[in-house]
Amino acid sequence: MAETAPDVEGATRDSSPARSWPGTLGLLAAPVLWLAVFFLIPLLVVAGYSVGILSLFPTDAGANLDDWSRFLRGDSVYMALFWKSIRMSLTVSLIVVILAYPLGYFLALVAGKRKYVLLLLIIVPFLTSYLLRVLAWRVILGSEGVINSFLYSAGLREPGDPIAWLIYSQFTVILVLVYVWVPFVALPIFVTLENLDSSMLEAGNDLGANRWRVFWRVTFPLSLPGVAAAFVFVFIPTIGEFVTPSLVGGTKGTMFGNAIQSLFTAGLDWQIGSVLALFLVAVVGILMLISGRFLRLRNLETG
Amino acid sequence: MNERWGTSRQLGRRDFMRYAGVMGLGASGLLAACQQAEQTPPAGSGSATPTHPPIEEEAGDLRIYEWLGYGDGSYGDDVLWREYKKAGYPKPKFIKTFEDDAGFTKVAAGERYDIVHPCAYRFEDWVNLQDAGGSPVMQPWDTSLVSNFARLNPALQGFGNFDGEQYFLVADWGFAAPMYRSDKIQPEDTWGVLFDERYRGRISWWDSLNMLITAAYLNGVPDPWAMSDAELEAQRDFLISKVPLVKTFWVDDPTPDLVNGDVDVAYAWQNHWWAAVGYGVPADGVPAVYMDPREGRTSWYCGFALFADTENYHHAHEYVDSWLSVPSAEWLVNNYAYGHTNTELDLSTVNQDLVQAFSLDDPSVLQEPKSHPERAIERRDVYNELWLEVKAAA
Amino acid sequence: MDAAASPRGRRGLFAFYLLLVLFLYAPIAVLMIFSFNDSRLVTFPLVGFTTRWYGLLLENQELIEALKVSAIVAAISSFLAVGLGILASYAMVRRRFRGKAVTSSLLLSPLVIPYVVFGIALLILFRAVDDFLIPRFGVFFGLGIHVVVIGHVVVSLPYTILTIAPRLERLSSKVEEAARDLGANPASTFIRVTLPLLVPAIVSAYLIAFTLSFDEYAIASFVAGDVTTYPLFLYGQVRIRIGLPQMIAVSVIVLLLSMVLVAGTEIWRRRAESRLAV
Chain A
1 MAETAPDVEG ATRDSSPARS WPGTLGLLAA PVLWLAVFFL IPLLVVAGYS
51 VGILSLFPTD AGANLDDWSR FLRGDSVYMA LFWKSIRMSL TVSLIVVILA
101 YPLGYFLALV AGKRKYVLLL LIIVPFLTSY LLRVLAWRVI LGSEGVINSF
151 LYSAGLREPG DPIAWLIYSQ FTVILVLVYV WVPFVALPIF VTLENLDSSM
201 LEAGNDLGAN RWRVFWRVTF PLSLPGVAAA FVFVFIPTIG EFVTPSLVGG
251 TKGTMFGNAI QSLFTAGLDW QIGSVLALFL VAVVGILMLI SGRFLRLRNL
301 ETG
Chain B
1 MNERWGTSRQ LGRRDFMRYA GVMGLGASGL LAACQQAEQT PPAGSGSATP
51 THPPIEEEAG DLRIYEWLGY GDGSYGDDVL WREYKKAGYP KPKFIKTFED
101 DAGFTKVAAG ERYDIVHPCA YRFEDWVNLQ DAGGSPVMQP WDTSLVSNFA
151 RLNPALQGFG NFDGEQYFLV ADWGFAAPMY RSDKIQPEDT WGVLFDERYR
201 GRISWWDSLN MLITAAYLNG VPDPWAMSDA ELEAQRDFLI SKVPLVKTFW
251 VDDPTPDLVN GDVDVAYAWQ NHWWAAVGYG VPADGVPAVY MDPREGRTSW
301 YCGFALFADT ENYHHAHEYV DSWLSVPSAE WLVNNYAYGH TNTELDLSTV
351 NQDLVQAFSL DDPSVLQEPK SHPERAIERR DVYNELWLEV KAAA
Chain C
1 MDAAASPRGR RGLFAFYLLL VLFLYAPIAV LMIFSFNDSR LVTFPLVGFT
51 TRWYGLLLEN QELIEALKVS AIVAAISSFL AVGLGILASY AMVRRRFRGK
101 AVTSSLLLSP LVIPYVVFGI ALLILFRAVD DFLIPRFGVF FGLGIHVVVI
151 GHVVVSLPYT ILTIAPRLER LSSKVEEAAR DLGANPASTF IRVTLPLLVP
201 AIVSAYLIAF TLSFDEYAIA SFVAGDVTTY PLFLYGQVRI RIGLPQMIAV
251 SVIVLLLSMV LVAGTEIWRR RAESRLAV
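Protein chains in written order, with this note's numbering: chain A, 1 to 303; chain B, 1 to 394; chain C, 1 to 278.
With the rest of the complex left out, here is chain A (with noise of 0.2 Å):
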């Protein structure tokens, strides 16, 4: 139903050639040709290490897939700590999404003149470092934190039995990660909500169909394009997230990504770390050629 409504689409009909300037390759040109030299070489080297073609020590052993298939057979430790990072992503995307969407929502349709005001002191406070927040929140959460302290003040536990899973869980890497993600991903829900046109709006209310059928049958399909784009912002890179699972995971805050971290640096294992990080990315590159439809990115089928 959405496919079929005229104003709000953006759907181009096919422009002819004469009228489309500048064309196709003259718009992709630039960014294409940015990636390809600074990102796709780079991944080049990184593939040269997986195989051995290139390798740091030269007493190593030459080409070969040994690392390649040691991982794939899924008999390493590597394997098991991937499916980890993925359940992890999926639950935080999840979350925050669920939690960006209103927020989107009020920004853009309910916060009228002031939005871009409150949207700013959403975003301000990410000018301060991560690590510096991420600290505080160990000062928050701790078994002497504010919330313990003020546990002990009120009287509802006994000084030094503290709610001790705060602190280094689970709970604790899900928390901060939805923490640093919800305002960044409201952003996109934002954008995409904010130019809904509100005569459809009030023509369904018009209609007599109440808000929520409202929301159900209009707003929410218009705004799926900004939906899909805040979950991939928030699901692709979390799957490689580390440093907030180490610094307050505790035990349990161990990830793909640390994987790969301290191959490249402790254990100085260059080739098989290089296995794990193109592994990423091929994964991600196939989940997204397959559910490129749901980025929108490319024409609806109207045109």
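Some hints here could point you the wrong way.
[To be verified] Derived SDA-like pairs (lysine to any residue); straight-line CA-CA distance at most 20 Å: (1) B:K93 x B:E57; (2) C:K100 x A:L40; (3) C:K68 x C:L57; (4) B:K242 x A:V77; (5) A:K115 x C:G12; (6) A:K252 x B:R200; (7) A:K115 x C:K100; (8) A:K115 x C:S258; (9) A:K115 x C:I267; (10) A:K84 x B:E389; (11) A:K252 x B:S241; (12) B:K184 x B:Q166; (13) C:K100 x C:L87; (14) A:K113 x C:S173; (15) A:K113 x C:K68.
It should be emphasised that the hints constitute simulated quantities derived from the structure, not laboratory data.
Once you have looked at the hints, place chains B and C on chain A.
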């Protein structure tokens, strides 16, 4: 079993010989040091060695890849090279992003400097590092250009000596041992405190493969720095069985958790303990003890290394010489609670709590059997992977 | 807009917003408190009030230099990322061509690469290029701010595209077609019609890219060369801990400056509005 880790580097027998040489040299170095005590070669003599132009011809623009606060002046630590400054040499440029692992990675990926300051577990790797053309990246120091060399702890310098060449001028050292809240627990002096059921949920481990080595010392493994596959797997299984007792793995600093009351005992370096007790001011800290376990503390040490393609050969030696001096030792010990390699430090100028806690008056405290100096681990990638398995099983 | 929510709905949503703001600022409040705490350790109990950390940081040349560097890097890389993002979004949304799925995959793939790996690979690449150039031509790229900017553009680009493209899609192309029918050339159409409508998305994209770059550590740690960015400086301080309170004081100042920015925006908006109303 070998097939599983077939990608580990094969360094071979050469390195075993190196270790044997180091031990022997350490002993003979002690004797030589006694004899050389009065001889101090003139510093910066200006005479050109065959391959290095004299100091007057050097630009003097030293680029030093260093730990933060080790000379760059963030904490007034530029006093560490004050003689160099007084002699009027140009101020070095400090690139302060050095960390052992990432730092090595950067240089391996192609970065070059004049001086770098790595720690002993990586000494081997630095010596073996070659550039794309196959020539070594580092070169040894000429100890005759370092006037303070005779004053330095010979055992430590022995660790920096490879194939008879002084690749590393070991400068600072420290211990690793459990530290605990003495007002909360009173454990026995053993590494086992980190694996004790009585302290479930109150323990903090270092996020490092060194935990495997700690477990090995506890479990009586003969050489934890070069374990066999069977020994390694046994330590891994031991750690996995104990990890439910652990509250967290610390990455930069165990002290806040100890002070906060989130944990009661942690694997720590001595500067962490010093911070926990408020830098010697009890009102600023908490009651904490830095244990000397019966199995022995482990020790770490770090030293200066010289790049082969440096254009400031003599300036580099001058700089390092000033860092290794007695006033620098005094500053380092009193401000960072790290040990300094200069044995002529007058201990009456040092905070007596520190002297006592780390036996600063006993140079042999850094050797077996009183403590276990760290060594390069040949199969580091294997240790690392097993440590990841421990963490993943948590 | 009444159609968007009932009065109760509006209050509920506003309450939700306020709760979120509280949640977001809780750690900030903690940081503010500790910036005045007379102790090197960031733990309770509080020791005493002091402003010395602020005094110290104002003398800290390294810190100020690092902040400047990071601001420059962020400003430039965000500008480039937004520019490239506009171009890419325009092509993806307004044009038809084969291989769109592949192109969009490519454009978004930097989202997932671990920054440590990317930083190392960039370092290797640039060193290899210099090793090639120096003996032959005597010139070199070197490492430093320019390489950090390059790396940050790469990783920011997916975010700018993801922010701008959905917005562009929502804009009706009919307005653009109408402008062209009326004789405006494509460039003029873009500048005077499309761009103004895109401003919220562009500003959002710029903000995202800026905060990402300003706080980015891993890539910078490998390719910044001799230069220190603020996250690099901060990371080192946190590890050695002696300088931690100063860092907290910095973040409070940065925050206060941004609040001034927010307040300024609101005042400017009200002024503009009252002028328009006349």
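Do the hints match the structure? See the list:
Distance check on the hinted pair: K93 (chain B) and E57 (chain B) sit about 19 Å apart at the alpha-carbon level, within 20 Å; holds. Taking the CA atoms of K100 (chain C) and L40 (chain A), the gap is near 18 Å; set against the 20 Å cutoff, the hint holds. Taken as a hint, the K68 (chain C) and L57 (chain C) pair is honoured in the structure, with Cα atoms around 14 Å apart against an allowance of 20 Å. A distance of roughly 18 Å separates the Cα atoms of K242 (chain B) and V77 (chain A); the hinted pair therefore holds under the 20 Å criterion.
The suggested pairing of K115 (chain A) with G12 (chain C) holds, with an alpha-carbon distance near 16 Å, which does not exceed 20 Å. Straight-line distance between C-alpha atoms of K252 (chain A) and R200 (chain B) comes to about 15 Å, which keeps the hinted pair within the 20 Å bound. For the given pair, K115 (chain A) sits about 34 Å from K100 (chain C) by alpha-carbon distance, which is inconsistent with the 20 Å threshold. A threshold of 20 Å between alpha carbons decides the hint, and for K115 (chain A) with S258 (chain C) the separation of about 17 Å falls inside it, so the pair holds.
Note on K115 (chain A) and I267 (chain C): the hinted pairing holds, with a Cα-Cα distance of about 13 Å set against a maximum of 20 Å. For the proposed pair K84 (chain A) and E389 (chain B), the alpha carbon gap of about 13 Å is at most 20 Å, so the pair holds. Straight-line distance between C-alpha atoms of K252 (chain A) and S241 (chain B) comes to about 15 Å, which keeps the hinted pair within the 20 Å bound. About 46 Å separates the Cα atoms of K184 (chain B) and Q166 (chain B), which puts this hinted pair outside 20 Å; it is violated.
Straight-line distance between C-alpha atoms of K100 (chain C) and L87 (chain C) comes to about 14 Å, which keeps the hinted pair within the 20 Å bound. Using a Cα cut-off of 20 Å, the hinted pair K113 (chain A) and S173 (chain C) is violated, with the two alpha carbons roughly 26 Å apart. In summary, the hint linking K113 (chain A) to K68 (chain C) is not supported, as the alpha carbons are separated by about 34 Å, beyond the 20 Å threshold.
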